[in-house]
Amino acid sequence: DGGITQSPKYLFRKEGQNVTLSCEQNLNHDAMYWYRQDPGQGLRLIYYSQIVNDFQKGDIAEGYSVSREKKESFPLTVTSAQKNPTAFYLCASSPLVGRNSMNTEAFFGQGTRLTVV
Amino acid sequence: GQQVMQIPQYQHVQEGEDFTTYCNSSTTLSNIQWYKQRPGGHPVFLIQLVKSGEVKKQKRLTFQFGEAKKNSSLHITATQTTDVGTYFCAGRPSGSARQLTFGSGTQLTVLP
Numbered sequence: 015d016g017g018i019t020q021s022p023k024y025l026f027r028k029e030g031q032n033v034t035l036s037c038e039q040n041l042n043h044d045a046m047y048w049y050r051q052d053p054g055q056g057l058r059l060i061y062y063s064q065i066v067n068d069f070q071k072g073d074i075a076e077g078y079s080v081s082r083e084k085k086e087s088f089p090l091t092v093t094s095a096q097k098n099p100t101a102f103y104l105c106a107s108s109p110l111v112g113r114n115s116m117n118t119e120a121f122f123g124q125g126t127r128l129t130v131v
Numbered sequence: 046g047q048q049v050m051q052i053p054q055y056q057h058v059q060e061g062e063d064f065t066t067y068c069n070s071s072t073t074l075s076n077i078q079w080y081k082q083r084p085g086g087h088p089v090f091l092i093q094l095v096k097s098g099e100v101k102k103q104k105r106l107t108f109q110f111g112e113a114k115k116n117s118s119l120h121i122t123a124t125q126t127t128d129v130g131t132y133f134c135a136g137r138p139s140g141s142a143r144q145l146t147f148g149s150g151t152q153l154t155v156l157p
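Which chain is which? The protein sequence lines are A and B, in order. Quick note: the first sequence, position 22, residue 36 per my numbering, numbers continuous. Quick note: the second sequence, position 87, residue 132 per my numbering, numbers continuous.
Hints in this document: simulated from the structure, not taken from any laboratory.
Below are the DSS-like pairs computed for lysine-lysine, each with C-alpha atoms no more than 27 Å apart in a straight line:
1) B:115 to A:71
2) B:115 to B:101
3) A:23 to B:81
4) A:85 to A:23
5) A:71 to B:81
I would like the entire structure built from these sequences, with the hints used as guidance.
Structure (structure tokens):
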């Protein structure tokens with residue numbers, strides 16, 4: 015089955031600890047994204063990547079880091095510098111954006127709900 | 046940076062009533078997409094609009110892209126309880142089409 019997988023679904027961490035969220039896709043998509051969603055809120059872009067070994071900051075990158083060593087994988091690390099890390103984290107992937115007419119639908123993983131205590 | 050705003054934030058309707066959510070971008074968009082997120086779920090793609098003034102329909106859902114490619118709307122005719130969820134628009138800015146920015150979403154509740 016083709017898709018995008020996030021793990022774990024629920025994660026608990028103590029304050030001050032770094033934690034890494036996994037995101038893997040087998041859709042052969044070049045673009046991958048990380049979003050944060052707070053209760054009753056929209057999706058805010060943390061980081062995105064269009065190609066292996068390259069990524070760009072989104073709107074709320076402070077306190078987060080990413081890597082893109084493989085096309086299939088785009089892990090997100092929530093560092094201790096992130097002041098309010100408890101949230102629902104969503105990873106997505108899409109085909110490489112090229113011509114405007116190309117369908118660039120984003121596919122989302124099931125999400126990881128991170129709680130920092 | 047680019048901002049994408051949606052209104053209303055919440056909407057309660059009686060089953061059978063119509064519903065509309067509006068999306069406005071601070072910059073011109075290369076295309077706009079709409080997603081639906083069911084309670085407890087993840088966003089699922091509904092449709093993409095590319096051309097200025099484009100209108101697309103999916104059964105009871107009608108999507109429009111503004112002439113200036115800075116706004117869009119989603120209209121649901123005769124809502125059903127299965128329409129419950131949060132509807133997001135997402136835009137790719139012209140000239141920087143690689144970034145996908147989501148609106149704040151409209152949470153729809155349909156009362157039976």
